[in-house]
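> Here's the letter readout for the chains.
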Amino acid sequence: MRAPLAFAWRSLVRQPARAALAILGVAAVGALLLDMLLLSEGLVLSMRELLDRMGFDIRVTAVEALPGSGPDLTDAPAAAAAIAALPGVRAVRTIRSEGVELWTDTVHSGGIFLGVGGEPAQLWTILRGRDLAAGPELVISEYAADLLHLEPGDTVTVRASCDGGPEAPPPATFRVAGIVELPFDTPDAVTAGTTLASLEAACGVTGGIADFLAVASTGDADAAAARIRAARPDLRVFTNDEMIGLVQQGGFTYFRQISTVLTAVTVSFALLLITVLLTVSVNQRLAEVAALRALGFSRRRVVLDVLCESALIIGLGGALSLPLGLLLASWLDTILKRMPAIPAQIHFFVLEPQALAAHAALLAATALVAAVYPMQIVARLPIAATLRNEVIS
Amino acid sequence: MTDGPNGAVVSAVGVSRAFSMPAGPVVAVRDVTLTIAPGEHTAIRGPSGCGKSTLLHILGCVDAPTSGSLIFDGRDVAGLSDRARSLLRLRHIGFVFQRFFLLPMLTAAENVELPQAEAGVAKAERRHRSLELLDYVGLGARAGHRPSQLSGGEMQRVAIARALANQPRLLLADEPTGELDQVTGEHVAALLDRVNADGTALVVVTHDLALAGRARRVLTMRDGRIEDEARQ
Chain A
47 MRAPLAFAWR SLVRQPARAA LAILGVAAVG ALLLDMLLLS EGLVLSMREL LDRMGFDIRV
107 TAVEALPGSG PDLTDAPAAA AAIAALPGVR AVRTIRSEGV ELWTDTVHSG GIFLGVGGEP
167 AQLWTILRGR DLAAGPELVI SEYAADLLHL EPGDTVTVRA SCDGGPEAPP PATFRVAGIV
227 ELPFDTPDAV TAGTTLASLE AACGVTGGIA DFLAVASTGD ADAAAARIRA ARPDLRVFTN
287 DEMIGLVQQG GFTYFRQIST VLTAVTVSFA LLLITVLLTV SVNQRLAEVA ALRALGFSRR
347 RVVLDVLCES ALIIGLGGAL SLPLGLLLAS WLDTILKRMP AIPAQIHFFV LEPQALAAHA
407 ALLAATALVA AVYPMQIVAR LPIAATLRNE VIS
Chain B
134 MTDGPNGAVV SAVGVSRAFS MPAGPVVAVR DVTLTIAPGE HTAIRGPSGC GKSTLLHILG
194 CVDAPTSGSL IFDGRDVAGL SDRARSLLRL RHIGFVFQRF FLLPMLTAAE NVELPQAEAG
254 VAKAERRHRS LELLDYVGLG ARAGHRPSQL SGGEMQRVAI ARALANQPRL LLADEPTGEL
314 DQVTGEHVAA LLDRVNADGT ALVVVTHDLA LAGRARRVLT MRDGRIEDEA RQ
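Order-wise, the sequence lines are chains A and B. Take any residue in the first sequence, note its place counting from 1, add 46, and you have its number in the numbering used here. Take any residue in the second sequence, note its place counting from 1, add 133, and you have its number in the numbering used here.
These are calculated hints, taken from the structure and not from any lab test. Misleading hints may appear alongside valid ones.
Unchecked claim - Residues of chain B clear of chain A, computed beta-carbon distances all greater than 12 angstroms:
no., residue
1, P155
2, A156
3, G172
4, A250
5, R295
6, R347
To be verified - Okay, the calculated bits of chain B under chain A, using three or more residues with CB under 8 angstroms as the criterion:
no., segment
7, 188-200
8, 204-210
9, 214-225
10, 267-279
11, 296-309
Glycine included, C-beta positions come from ideal geometry on N, C-alpha and C.
Work the whole structure out from these sequences, hints included.
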């Protein structure tokens, strides 16, 4: 009972309905706060995770632009060979994407055709079937497989249209080797992947062009990137960290700004809620506090009781806000992912220790600041005058 | 703690207490000199607003005189920090209030334990002493009851047990029977007599002539001054 927390708990639950409302209020506000914190870095973290998952930590492009968004590399095979020969480089893949039409006996669809130079391709995860082997084979996204009713072993007719190639190359027949998941595919993406050579053959073009090169270092991406820059100063080299930096400059900051504003609003709301509740609670028991002071309770002790009460409300509400916030984040993530052109594996809300730590720190600071005014009331309480007023009233 | 140089528990020397009011200062206590000896039983009576409670608050170190000095056990209270005054009240002064001020969320025993806990008494010891004190005030069987389950007289008896929790040398009671009917007030008054007979100095502020009449020394206040002192 002596422990201030235990005493504060007894004080809190003497008004169970008010305590429950306060805790639920903090839980709701805390859930929103958690979601804002998850949102502020969620896209970036999700993007980073996808980049890392692919196993390549460096991208090489022709200009200062995100891979796939700028002009092509015109001497891709030579650049890939030169980079592969550098120390600290484990693997290089040449990536080219073009438009494609795919059809079976009954279904026809347009989509994206990925050509990957270097083996194994490593750009996708096999869901069913196997990876590419020799011959005209391709892998397709799950959505494409469903749309075209394809399974591993089936054949599909392909007409690819490449930059610099004939406008209407003859159709080619490919065997479906596997159904795959591509990290940056949207849920309704019709994507097919094959070797770079097969893509070029389908297009009727000779080699040399690529969107970008994906490079895997032996461990030190920065050192490998520096070597590539030194060897090919005409190319632009990005580590995954630098890619994320580019992505953040390119519009992802909206989410951070929105979440910062909403975080400030939710914290302010929590602050006001707790301050009002504690102030009302303290004002209702001024005479009791004065009596405790008369009995010898120190000013520090009665102030600590108020702080502990604030900490309990915030602590319990904060703990409750975690499952509530995660549930809400999952629901909001589902809604946001319905926006067009959002990769299926990208998440807007990503749970990470830093966000949890920030959540806890913000709530702790809120508990402290919210208790300042009621603590002041208690600290400055004139004992004799309060006891006298109580009798008069 | 030992008695002061003159053997007093507490001495007020020429104390006055003025309050600032919008219409001008109001002097509640004027130049009062008073000594409470160990084991003494004193009643302070007088009409409403004569300064009885203010004087009691000054003697109990919860209010400070605007002039004059208060010596508790030989120490000038004006020189003590807020923390030191709190400790002095905790260890040496017990308060009984007209409205009891028991904490409603605690049981009778827990209310009695509270000042002991603040004084750092070990849990087992304070539990034992609380039950002893509740037995002393005749409420041993009600230790687990909350204030809402007790009558007014029982609540005041618990408040007396709480005031005695740290074995104070001085017990101050402000209208302790003010909220009670006559019979219950009699029981509480008898209990206070017993506390005094067991060695605790007692100062009671009251309107109640019967309660005041139980004291060996009766001070009558008017307009902030001690107008009369009678010893029985």
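> Taking the hints in turn, state whether each one holds.
Consistency of the hints with the structure:
At roughly 15 angstroms from the closest C-beta of chain A, the C-beta of B/P155 stays outside 12 angstroms, upholding its exclusion from the interface. The Cβ of B/A156 lies farther than 12 angstroms from every Cβ of chain A, with a closest approach of about 17 angstroms, so its non-interface assignment holds. For B/G172, the shortest C-beta to C-beta distance to chain A comes to about 21 angstroms, beyond the 12 angstroms cut-off, and the non-interface label holds. Not every C-beta of chain A lies more than 12 angstroms from that of B/A250, the closest at about 4 angstroms, which undercuts listing it as non-interface.
A cut-off of 12 angstroms between C-beta atoms contradicts the statement that B/R295 is not in contact with chain A; the least separation is 7 angstroms. No beta-carbon of chain A is positioned within 12 angstroms of the beta-carbon of B/R347; the least distance is around 22 angstroms. Interface restraint, the segment 188-200 of chain B with chain A: holds (4 residues with C-beta to C-beta distance below 8 angstroms; minimum three). Here's how the segment 204-210 of chain B fares: 0 of its residues keep a CB closer than 8 angstroms to some CB of chain A, so the rule of at least three is not met and the hint is violated.
Only residues whose C-beta sits within less than 8 angstroms of a C-beta in chain A count toward coverage, and the segment 214-225 of chain B has 8 of them, enough to reach three; the restraint holds. Counting residues of the segment 267-279 of chain B whose CB falls under 8 angstroms from any CB of chain A gives 0; the rule of at least 3 is not met. For the segment 296-309 of chain B, the assignment as covered by chain A holds, since 4 residues bring a beta-carbon within under 8 angstroms of that chain's beta-carbons and 3 suffice.
Checked against the numbered hints above, the structure breaks hints 4, 5, 8 and 10 and satisfies the rest.
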